[in-house]
Amino acid sequence: MDNDMKRSIILDNYSNARNRGIPDNSDDYIMINSNNQSCIDNINIYVKLKDGVIEDIKYEGEACVIAISSTSIISSMLIGKTLKEANELLGNYFNMIEEKEYDKELLGEANVYEDMYKQPSRKTCATLFARGITNLLKGKE
Amino acid sequence: MNREDFTILKDSNMVYFDNGATTLKPDCVRDAVIDYYNKYTASIHRGDYKNSLKVSAMYDDTREIIRKFINANHPSEIIFTAGTTDSLNDIVFGYFRHHLVKGDEILITETEHASNVLPWFILAKEIGVVVKYISLNDNNELTIDNLRNAITDKTKVVSIAHITNVIGDVRDIKEIAKECHSHNILLVVDAAQSIAHIKVDVTDMDIDFMAFSGHKIYGPTGIGVLYGKFNLLKELTPVAYGGGMNAIFNKDGYVEYKDLPDKLEAGTPNIEGVLGLGKSILYVDKIGIDKINKYETELRKYLVDKLSELDFITMYNKDNEAAIITFNIDNVFSQDAAIYLDKYNICVRAGNHCAKMTKDVFNVANTVRISLSFYNTKEEIDLLVNVLKNSKNIWEEIL
Ligand SMILES: Cc1ncc(COP(=O)(O)O)c(C=O)c1O
Chain A
1 MDNDMKRSII
11 LDNYSNARNR
21 GIPDNSDDYI
31 MINSNNQSCI
41 DNINIYVKLK
51 DGVIEDIKYE
61 GEACVIAISS
71 TSIISSMLIG
81 KTLKEANELL
91 GNYFNMIEEK
101 EYDKELLGEA
111 NVYEDMYKQP
121 SRKTCATLFA
131 RGITNLLKGK
141 E
Chain B
142 MNREDFTILK
152 DSNMVYFDNG
162 ATTLKPDCVR
172 DAVIDYYNKY
182 TASIHRGDYK
192 NSLKVSAMYD
202 DTREIIRKFI
212 NANHPSEIIF
222 TAGTTDSLND
232 IVFGYFRHHL
242 VKGDEILITE
252 TEHASNVLPW
262 FILAKEIGVV
272 VKYISLNDNN
282 ELTIDNLRNA
292 ITDKTKVVSI
302 AHITNVIGDV
312 RDIKEIAKEC
322 HSHNILLVVD
332 AAQSIAHIKV
342 DVTDMDIDFM
352 AFSGHKIYGP
362 TGIGVLYGKF
372 NLLKELTPVA
382 YGGGMNAIFN
392 KDGYVEYKDL
402 PDKLEAGTPN
412 IEGVLGLGKS
422 ILYVDKIGID
432 KINKYETELR
442 KYLVDKLSEL
452 DFITMYNKDN
462 EAAIITFNID
472 NVFSQDAAIY
482 LDKYNICVRA
492 GNHCAKMTKD
502 VFNVANTVRI
512 SLSFYNTKEE
522 IDLLVNVLKN
532 SKNIWEEIL
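Here the protein sequences come in this chain order: A and B.
Under my numbering, the residue at position 4 of the first sequence is numbered 4, and the numbers go up by one with no gaps.
Position in the second sequence (from 1) plus 141 gives the number in my numbering.
Careful: at least some of the hints might be erroneous.
[As the list claims (entries may be wrong)] Think about it this way: if two alpha-carbon atoms lie no more than 25 Å apart in a straight line, the pair counts; the simulated DSS-like pairs of lysine-lysine are:
# : chain 1 : residue 1 : chain 2 : residue 2
1 : A       : K6        : B       : K533
2 : A       : K118      : B       : K484
3 : B       : K447      : B       : K375
4 : A       : K140      : A       : K81
5 : B       : K484      : A       : K6
6 : A       : K123      : B       : K484
[Claimed, not checked] Sample of chain A residues at the chain B side, in silico, Cβ under 8 Å:
#  : residue
7  : M5
8  : R7
9  : L11
10 : Y29
11 : E60
12 : G80
[Said to hold, decoys possible] Simulated DEER-style distance windows between Cβ atoms:
#  : chain 1 : residue 1 : chain 2 : residue 2 : range
13 : B       : D176      : A       : D12       : 51 to 59 Å
14 : B       : G384      : A       : N44       : 45 to 53 Å
15 : B       : D471      : A       : N33       : 22 to 30 Å
16 : A       : F94       : B       : K151      : 43 to 51 Å
17 : A       : I22       : B       : D152      : 44 to 52 Å
Since the hints were made in silico from the structure, they are not lab data.
Quantities reported herein were computed from a predicted structural model and do not represent experimental measurements.
The beta-carbon is built from N, C-alpha and C at its ideal position, and this holds for glycine as well.
If we strip away everything but chain A, and leave its shape as in the complex, we get (with noise of 0.2 Å):
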């Protein structure tokens, strides 16, 4: 992917967010906040899980443009599957986010911030909903 492309999918998934605001029913979810310490990144998570399958994601608050492009391409890719599934593509994002070995195929449209590990500030942007929805899935499988 070129530098145009990657940087159109990113401000598409900033200026038209999937899956952004709070969930109506949020009886039916589980939420979890999560911010960044060092910057000013702060949303809230809600998941909805049914029989091990993650149902719904939905998510709101303020946040960089990184920050919330990423969590609309993850939330995307992972509404529809299965817990274990989920936490393999996470732990393959983590891995790309941190110069390790990562399968590409699995990151889809994720792998526009495979250069991110070149702006270690911009690090904890990227990872903001997938560190989150990490620790919300822990011990649910």
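Model the placement of chain B with the ligand on the given structure of chain A, informed by the hints.
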């Protein structure tokens, strides 16, 4: 003005607009710190050799420099601390913890910095005092009428910033003090944002306790001042105990403390900080605080006029006074805006500026803040405006 006094401005094309966070240091302050190490290194009030005596004298002289600058009555009313936060904690936990009782009320505002909020919250938990808020007017300012309306028979303390760090409103401390004292209320002033920008005269304003930080007035970090009227400071129980503050003690646990100011400065102090601070105060005094205020006010007006011409910028405190402007580029998160400006070496602050309650006042949690100093120029503002005009390209630049 006076840009030539700052090596950091000579050696780079940096535009420094984050003076509310910390100020740059003139060479004379740097030299004062280095001289202490190169020429004198010694502790104070402990040695009988020349360097120690010399440093002790310089340390004591600095107290007098500060006394004069804020027009306190006596040098013993000046206590060196680690900064505003440290001073405010001393005031709350050293004085008010021992002088307030359950049900007593403390008045603050929603635009205070965390360091003038959290200590009061903790005191409320510990001894049951109640923290209340004075409401602000439409311009987010504190009026005497609103203060009067917030005062009850239980109000014992009003604790407020002289200038707030997000709105930049300047409070009329003298009038506020009059109102407080007519109800037997003590006034605590957080002068962190005002000390370098407007005249602070603790006697004329009749301030009971005050705090400020050296690093916001062109001095070193890690040094600050706690001011208190002598009779109040005398009643401030030390928060730290150790060397330098005790007169005698024995193994049975008997202790006698030294008099002010030593009693409140336990341990070997931040000597380089004190000496650097003394130099920075002399430096500011030499330029003249009124001259600084006049120039910064003019610069602020220029900035506001220029930003007003940009229809994609929302300013939140156009009509306030101090040289602090908070704004957002429409549809751009403040941190992204700051990263974009940094590409052009323009340093601004993004976020909630440690005044997290302010989001309820502005209805927006995060903003970009520009805080000016006398070394900023109209040319720098023109550059900023040009970069903002090109911010259509922000995503090409930061992604
Ligand atoms: C209004 C106000 N009060 C208090 C502080 C705290 O100062 P320091 O961090 O130097 O203790 C600041 C600095 O950010 C401030 O702007």
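Taking the hints in turn, this is what the structure says about them:
no.	hint	result
1	K6(A) / K533(B)	18 Å, holds
2	K118(A) / K484(B)	16 Å, holds
3	K447(B) / K375(B)	50 Å, violated
4	K140(A) / K81(A)	14 Å, holds
5	K484(B) / K6(A)	20 Å, holds
6	K123(A) / K484(B)	18 Å, holds
7	M5	11 Å, violated
8	R7	5 Å, holds
9	L11	6 Å, holds
10	Y29	23 Å, violated
11	E60	12 Å, violated
12	G80	28 Å, violated
13	D176(B) / D12(A): 51 to 59 Å	58 Å, holds
14	G384(B) / N44(A): 45 to 53 Å	49 Å, holds
15	D471(B) / N33(A): 22 to 30 Å	27 Å, holds
16	F94(A) / K151(B): 43 to 51 Å	44 Å, holds
17	I22(A) / D152(B): 44 to 52 Å	50 Å, holds
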